[in-house]
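Enquirer: Please construct the entire structure, taking both the sequences and the accompanying hints into account.
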Amino acid sequence: MIDWPQVLANAVWISGAALALATFSYASWLASLRNERLRDTLGQVTLQLLLRGAAVLVCLGLGLTANSLLETILWLALAGLSAAAFISLWCTQRSKRTL
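For the sequence shown, numbering that gives the first Met the number 0 gives the first residue as 0, with consecutive numbering after it.
To be clear, the hints were calculated from the coordinates, so they are not data collected in a lab. Heads up, a few of these hints could be off.
Label pairs and their computed distance ranges (CB to CB) [what the hints assert, rightly or not]:
#	residue 1	residue 2	range
1	L29	N66	35 to 45 angstroms
2	K95	M0	49 to 59 angstroms
3	G42	R96	26 to 36 angstroms
4	N34	S67	12 to 22 angstroms
Glycine included, every Cβ here is placed at the ideal spot set by N, Cα and C.
Expert: Right, here's the structure in full:
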């Protein structure tokens, strides 16, 4: 029998990993198109938001699939820190647009 909650929990971290991979791939393509370093391209706010969102999904998914309570707490704490970084950058960028 299929354990649907476990399938959904795994889908969360897999989606985050796919988002991170897609972001790195797009940044690499964009950097080669502009003749920039990948590091400079990854410093753009939009790509930083995508990477931080991916980190939230990966940490949340791994926290949901962890076997021990300690692992769960650590992964969810890291997900919380990643979410705080995402929200902080998003709010900063949003306030700069309105000025």
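Enquirer: Hint by hint, say whether it matches the structure.
Expert: Taking the hints in turn, this is what the structure says about them:
1. L29 <-> N66: 35 to 45 angstroms: For L29 and N66 the Cβ distance comes to about 39 angstroms; the hint holds.
2. K95 <-> M0: 49 to 59 angstroms: Taking Cβ atoms as reference, K95 and M0 lie about 51 angstroms apart, which means the hint holds.
3. G42 <-> R96: 26 to 36 angstroms: Cβ of G42 to Cβ of R96: about 18 angstroms, so the range 26 to 36 angstroms is violated.
4. N34 <-> S67: 12 to 22 angstroms: Distance hint for N34, S67 is violated at roughly 48 angstroms.
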